[in-house]
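Given only the sequences and the hints, what does the whole structure look like? Please build it.
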Amino acid sequence: VQLQAFGGGLVQAGGSLRLSCATSGTAFTANFMGWYRQAPGKQRELVANIVGGGNSTNYADSVKGRFTISRGNAKNTVYLQMNSLKPEDTAVYYCNVIIVTITYWGQGTQVTVSS
Numbered sequence: 001v002q003l004q005a006f007g008g009g010l011v012q013a014g015g016s017l018r019l020s021c022a023t024s025g026t027a028f029t030a031n032f033m034g035w036y037r038q039a040p041g042k043q044r045e046l047v048a049n050i051v052g053g054g055n056s057t058n059y060a061d062s063v064k065g066r067f068t069i070s071r072g073n074a075k076n077t078v079y080l081q082m083n084s085l086k087p088e089d090t091a092v093y094y095c096n097v098i099i100v101t102i103t104y105w106g107q108g109t110q111v112t113v114s115s
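Everything in the sequence shown is counted per this note's numbering, starting at 1 for the first residue and increasing by one.
Zero decoy hints are in this set.
BS3-like mimics (lysine-lysine), calculated; alpha carbons at most 25 angstroms apart, straight line: (1) 86 x 42; (2) 64 x 42; (3) 86 x 64.
If you're looking for bench data, these hints aren't it; they were derived computationally from the structure.
If you want it as structure tokens, here you go:
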């Protein structure tokens with residue numbers, strides 16, 4: 001199973017980015033799909049996840065109201081729409097899926113928000 005994340009970049013504070021993550025190499029549907037991030041010198045933290053078909057989502061308090069996670073029409077794709085970005089959102093963002101009981105990680109995509 002491979003995950004590939006797209007969409008990171010450099011943006012000014014207040015701007016928006018949309019991250020995408022596509023999964024290949026499995027016929028199973030992911031139970032959970034999510035995004036984590038890791039800033040320099042900090043632990044990796046959950047940003048948002050989506051359960052099953054997409055009716056249940058969870059967000060870190062720091063991104064509630066600004067970020068939206070959603071599943072795509074293609075199997076095992078997930079998006080993260082990030083609005084009103086802040087410099088403290090700067091991090092490497094990783095997509096994460098759980099298929100059956102196994103957790104897979106994407107390679108990470110850098111998001112840099114300038115003040």
